[in-house]
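Novice: Single-letter residue listing:
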Amino acid sequence: MAERLSNREGIKGMANPTRYGIERVAYWLQRLTGLGLLAYLIGHIFETSTIVHGKVAWDKMLEFTQTPQGHIILTLVIGMCVFHTANGIRVMLGHGGIGVGKPGQPEYPYKAASLNYKQRLCIWVSIGLAALAMMYGASVLFGD
Amino acid sequence: MRESIIMKIHYGTALGAVVLVAVHILMRMTQNFGQSLQYQNVIANYHFLPYALMLESILILLSVHGFNGLRVILLELKQGSSYEKMVNYGSIASMAILIAYGSRTILMAGMGMS
Numbered sequence: 001m002a003e004r005l006s007n008r009e010g011i012k013g014m015a016n017p018t019r020y021g022i023e024r025v026a027y028w029l030q031r032l033t034g035l036g037l038l039a040y041l042i043g044h045i046f047e048t049s050t051i052v053h054g055k056v057a058w059d060k061m062l063e064f065t066q067t068p069q070g071h072i073i074l075t076l077v078i079g080m081c082v083f084h085t086a087n088g089i090r091v092m093l094g095h096g097g098i099g100v101g102k103p104g105q106p107e108y109p110y111k112a113a114s115l116n117y118k119q120r121l122c123i124w125v126s127i128g129l130a131a132l133a134m135m136y137g138a139s140v141l142f143g144d
Numbered sequence: 001m002r003e004s005i006i007m008k009i010h011y012g013t014a015l016g017a018v019v020l021v022a023v024h025i026l027m028r029m030t031q032n033f034g035q036s037l038q039y040q041n042v043i044a045n046y047h048f049l050p051y052a053l054m055l056e057s058i059l060i061l062l063s064v065h066g067f068n069g070l071r072v073i074l075l076e077l078k079q080g081s082s083y084e085k086m087v088n089y090g091s092i093a094s095m096a097i098l099i100a101y102g103s104r105t106i107l108m109a110g111m112g113m114s
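Same order as they appear, the protein sequences are chains A and B. By my numbering, the letter at position 118 of the first sequence is numbered 118, and the numbering carries on one by one without gaps. By my numbering, the letter at position 112 of the second sequence is numbered 112, and the numbering carries on one by one without gaps.
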């Protein structure tokens, strides 16, 4: 009983990014970027709704968002968006059985075929693309 | 609805949103970013029917995808009949509210009611 309970880590177990390598980090980043993007979507819909109150309200909103802090947030959103998209396509293809290898007899040291180098490479490529997009986005936003 | 169908909708909305959001961002890049946000330019976007329809599509696709994603995360954290029901209905309600609020902006700005 005590052993069974010790295996129930709950949210702490789900939140632990140190085990299972880069795949767990990607799992976490996918969820965190998803939540961040949902928060941005809600904020973006709210900020754009000020246009129905006329030019003065719109310009006031721009004064609030078109600041260095606003640009930093937008740069982060660009990075989150690119990572979420690229990693999401990897996950989608994986669910379709593409790039996860063939099932085989489990043999020591029991490495999962699905967590292969292709998957890991795709995760690193997603992170790299997000970094590049952030740099480009920042150059456009701060270059104005 | 079966979870497998919901996941297909989740992936479908993701792919659709990627394409449309790319067009939305590219429209900002056709001119200087700051200039593209000027009141007249933004209002002109809403008055252009194909663009307004595209904004509406993005709104629906991202709301469905976003709130379904949140639903999946919440169901991963905890399970239980009443909790799952609450999360499912809560997500649908939030999705509907966000779509209604965004559509109001698109309609009012598009019809010159600002």
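Warning: the hint list may mix true and false statements.
With a cut-off of at most 27 Å between alpha-carbon atoms, the simulated DSSO-like pairs for lysine-lysine come out as follows [to be verified]:
1) K78(B) / K60(A)
2) K111(A) / K12(A)
3) K118(A) / K85(B)
4) K8(B) / K85(B)
5) K118(A) / K102(A)
6) K12(A) / K78(B)
7) K78(B) / K8(B)
8) K8(B) / K102(A)
Counterexamples of contact, computed for chain B against chain A with all Cβ distances above 10 Å [said to hold, decoys possible]:
9) R2
10) A14
11) I43
12) P50
13) L62
14) S63
15) G69
16) E76
17) S81
18) Y83
19) K85
20) M86
21) Y89
22) L98
23) M108
24) A109
Keep in mind that the hints were calculated from the coordinates and are not lab data. Beta carbons: idealized from backbone N, C-alpha and C, even for Gly.
Novice: All hints, please: hold or fail.
Specialist: To see whether the hints hold, each was checked on the structure:
no. : hint              : result
1   : K78(B) / K60(A)   : 42 Å, violated
2   : K111(A) / K12(A)  : 24 Å, holds
3   : K118(A) / K85(B)  : 38 Å, violated
4   : K8(B) / K85(B)    : 21 Å, holds
5   : K118(A) / K102(A) : 13 Å, holds
6   : K12(A) / K78(B)   : 12 Å, holds
7   : K78(B) / K8(B)    : 23 Å, holds
8   : K8(B) / K102(A)   : 23 Å, holds
9   : R2                : 15 Å, holds
10  : A14               : 6 Å, violated
11  : I43               : 7 Å, violated
12  : P50               : 18 Å, holds
13  : L62               : 5 Å, violated
14  : S63               : 7 Å, violated
15  : G69               : 5 Å, violated
16  : E76               : 7 Å, violated
17  : S81               : 19 Å, holds
18  : Y83               : 14 Å, holds
19  : K85               : 21 Å, holds
20  : M86               : 18 Å, holds
21  : Y89               : 18 Å, holds
22  : L98               : 6 Å, violated
23  : M108              : 4 Å, violated
24  : A109              : 5 Å, violated
Hints 1, 3, 10, 11, 13, 14, 15, 16, 22, 23, 24 from the earlier list are contradicted by this structure; the remaining hints agree with it.
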